[in-house]
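Colleague: Two chains, two frames, a set of hints: combine them into the complex.
Going line by line, the protein sequences match chains A and B. Heads up, the final residue of the first sequence is numbered 247 in our numbering, and it's a clean run with no missing numbers. Heads up, the final residue of the second sequence is numbered 59 in our numbering, and it's a clean run with no missing numbers.
Hints are computed from structural coordinates only; laboratory data are not their basis. Watch out, some of these pointers could steer you wrong.
If you anchor each label on the Cβ, the simulated ranges turn out as follows [to be verified]: (1) B:R52 with A:D49: 52 to 62 Å; (2) B:G16 with A:A29: 29 to 39 Å; (3) B:G16 with A:R232: 42 to 52 Å.
The calculated DSBU-like cross-link candidates involving lysine-lysine, where the alpha carbons are at most 30 Å apart (straight line), are [what the hints assert, rightly or not]: (4) A:K22 with B:K51; (5) B:K51 with A:K9; (6) A:K154 with A:K238; (7) B:K51 with A:K238; (8) B:K51 with A:K89; (9) A:K154 with B:K51; (10) A:K9 with A:K89.
Incomplete in silico selection of chain B near chain A, CB under 10 Å [said to hold, decoys possible]: (11) M14; (12) G15; (13) L34; (14) Q42; (15) Q45; (16) Q48.
Small disclaimer: the values here were computed from a predicted structure and weren't measured. By construction, the Cβ of each residue, glycine as well, lies at the ideal position given by its N, Cα and C atoms.
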Amino acid sequence: MYLWFNKLGSPPHFYRIAGKWLPWLSAVFALLLITGLYGGLVYAPTDYQQGESFRIIYIHVPAAWMSLFVYVVMAFCGVVIIVWRMKLAEVVLISSAPIGASFTFLALATGSLWGKPMWGTWWVWDARLTSELILLFLYLGVIGLHSAIDDKRIASRAVAILAIVGVVNIPIIHYSVEWWNSLHQGPTVTKFDKPSIDMRMLIPLLIMALSFQIYYVIALFQSSRAELLRRERNSKWVAELSGGN
Amino acid sequence: MSEFLNMGGYAVYVWSSYGLAALILWLNWYLPRRQHQQLLQQNKRRHHGTGE
Numbered sequence: 003m004y005l006w007f008n009k010l011g012s013p014p015h016f017y018r019i020a021g022k023w024l025p026w027l028s029a030v031f032a033l034l035l036i037t038g039l040y041g042g043l044v045y046a047p048t049d050y051q052q053g054e055s056f057r058i059i060y061i062h063v064p065a066a067w068m069s070l071f072v073y074v075v076m077a078f079c080g081v082v083i084i085v086w087r088m089k090l091a092e093v094v095l096i097s098s099a100p101i102g103a104s105f106t107f108l109a110l111a112t113g114s115l116w117g118k119p120m121w122g123t124w125w126v127w128d129a130r131l132t133s134e135l136i137l138l139f140l141y142l143g144v145i146g147l148h149s150a151i152d153d154k155r156i157a158s159r160a161v162a163i164l165a166i167v168g169v170v171n172i173p174i175i176h177y178s179v180e181w182w183n184s185l186h187q188g189p190t191v192t193k194f195d196k197p198s199i200d201m202r203m204l205i206p207l208l209i210m211a212l213s214f215q216i217y218y219v220i221a222l223f224q225s226s227r228a229e230l231l232r233r234e235r236n237s238k239w240v241a242e243l244s245g246g247n
Numbered sequence: 008m009s010e011f012l013n014m015g016g017y018a019v020y021v022w023s024s025y026g027l028a029a030l031i032l033w034l035n036w037y038l039p040r041r042q043h044q045q046l047l048q049q050n051k052r053r054h055h056g057t058g059e
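So here's chain B without its partners, still in its complex pose (with noise of 0.2 Å):
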């Protein structure tokens, strides 16, 4: 298990990009998801708001 972490060595070049893609990967999914339910509260509040 250790052996597989060190990567030959390479750990640090390895495990950085495997977790920078994680990061980012993740940023684009949670983001417009969190957008997207906030846009459909906003409409909720909007139109029970005018009475509808």
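So here's chain A without its partners, still in its complex pose (with noise of 0.2 Å):
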């Protein structure tokens, strides 16, 4: 297992790896993308209450759940540097920052274009939107902190530190919904219950999360190659890389 571990660390070992995996990856995403597409969009019915509104579930939903999920995986990439200062964390988890920016930006636009017809407004500042915006800037500040530390090594560490300290916010964003009062709706699908929707909305809703999901390796995968090739270009493999074939 340590071996497993410390393998998969060395950066031309992932470099190699992810490049091999991404082609199959892509494929089994744009097969759950086009089944949860068609799902959410003509499967599944019109809801009773919000029409056909309610359809921009397939994206919001998955992209909130994803935005939490990506910033969990950058404080544990931040305990590994701080604990064992690998190196591949430390790609992982500039890599990983971008991405859920992104989630958390779509959730957030989602949420707006779903708040109009369905609230009568764009917004409100209660506790699921403002926290799920704290999260938003705690992306940002990473962002911004890893850019603004020219020594990578030392950056990493910064931005480590940042998204352990941040990751309070996670469970605040998940629970908000039942510690306050919100417009937001409460959970639909996460309970330890029955969730409380219809099958034939819940099944591409878990298809759309999954080719999300999917999609997170596959954009890291990618942004890590990329990372890896800049911050490793004096080294022997890289050099290799463009000079053996």
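Modeller: Here it is, written out as structure tokens:
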């Protein structure tokens, strides 16, 4: 296990594996996306309260889930950076930040587009929306801090600490709709009893969520490979990469 | 078909959500990919330039 971890953590190994996996992941993603879109836009029945506008859920909820998930990945990388100073964790952390920021922005924007026809407003300063906005600022903070420090090893340690500290926001976002009164509806899927959503609506949602998850891995591999090349441009394996074939 | 596109009168909200998602996901895929290719090319030039 440790050996495997050690091997995967080596930049050239990860670079190669990620490159090999990308086409397969892309194929799975495309398949899931097409199925999920068909399920969400065509197969799922119209909501009896919200009409067709509820179909925004198939973008909004997966994006919101991913905005939390990516942050947790970053915080985990933060711990690995502080404890083991693992180079790959540094790359994964900083490569995740723009993707996470994108998911967060997408969740907020589609939330607005959903809120306008349903709540009659683009935005309210309630706990769920505000904590999600703070999440966006945390992502932007990570990106900004990393680019402000020239020595990338030091920059990585700085953003690791920021990522770890910011993780307190994650449970706040998740429980915000239960702890505070809100215009935002309560959880319909992640409840311990049966989800209060029709199966024909739920299944496309789960497929879309899975496709977003795989999309994250694709985007992460893509930008990690670029970041690895940039950081390791003077190393032997990168030289061999361009000279070897 | 036009009924589908109309989304029960919510077309603007639904389709701008999906459009925005498509744009953002595409950007996150395309930009790192382009950067990666540029880096590979720079590397090639660098290593060939030094006569390796």
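Colleague: For each hint, tell me whether it holds in the structure or not.
Modeller: Tested hints:
A C-beta distance of roughly 56 Å is found between R52 of chain B and D49 of chain A, which places it inside the suggested range of 52 to 62 Å. The hint said 29 to 39 Å for the Cβ distance between G16 of chain B and A29 of chain A, and at roughly 37 Å that hint holds. Judged by the Cβ atoms, the range 42 to 52 Å given for G16 of chain B and R232 of chain A holds: they are separated by roughly 48 Å. Restraint check for K22 of chain A and K51 of chain B: satisfied, since their Cα atoms lie roughly 21 Å apart, inside the 30 Å limit.
Pair hint K51 of chain B plus K9 of chain A holds up; C-alpha atoms about 26 Å apart against a cutoff of 30 Å. A threshold of 30 Å between alpha carbons decides the hint, and for K154 of chain A with K238 of chain A the separation of about 19 Å falls inside it, so the pair holds. Restraint check: the Cα-Cα separation between K51 of chain B and K238 of chain A comes to about 13 Å, which is no more than 30 Å; the hinted pair holds. For the hint linking K51 of chain B to K89 of chain A, the alpha-carbon distance of about 24 Å falls within 30 Å, and the restraint holds.
Straight-line distance between C-alpha atoms of K154 of chain A and K51 of chain B comes to about 23 Å, which keeps the hinted pair within the 30 Å bound. For the hint linking K9 of chain A to K89 of chain A, the alpha-carbon distance of about 12 Å falls within 30 Å, and the restraint holds. Taken as an interface hint, M14 of chain B checks out: its beta carbon lies about 4 Å from the nearest beta carbon of chain A, inside 10 Å. With 10 Å as the threshold, the beta carbon of G15 of chain B comes within range of chain A, its nearest partner Cβ sitting at about 4 Å, so the hint holds.
Checking L34 of chain B against chain A: minimum C-beta separation of about 8 Å stays under 10 Å; hint holds. Annotation: interface hint on Q42 of chain B holds; nearest CB of chain A at approximately 5 Å, less than 10 Å. Below 10 Å, beta-carbon pairs count as interface contacts, and Q45 of chain B has one with chain A at about 9 Å; its hint therefore holds. Here the hint on Q48 of chain B is kept, as its CB sits about 9 Å from the closest CB of chain A, short of 10 Å.
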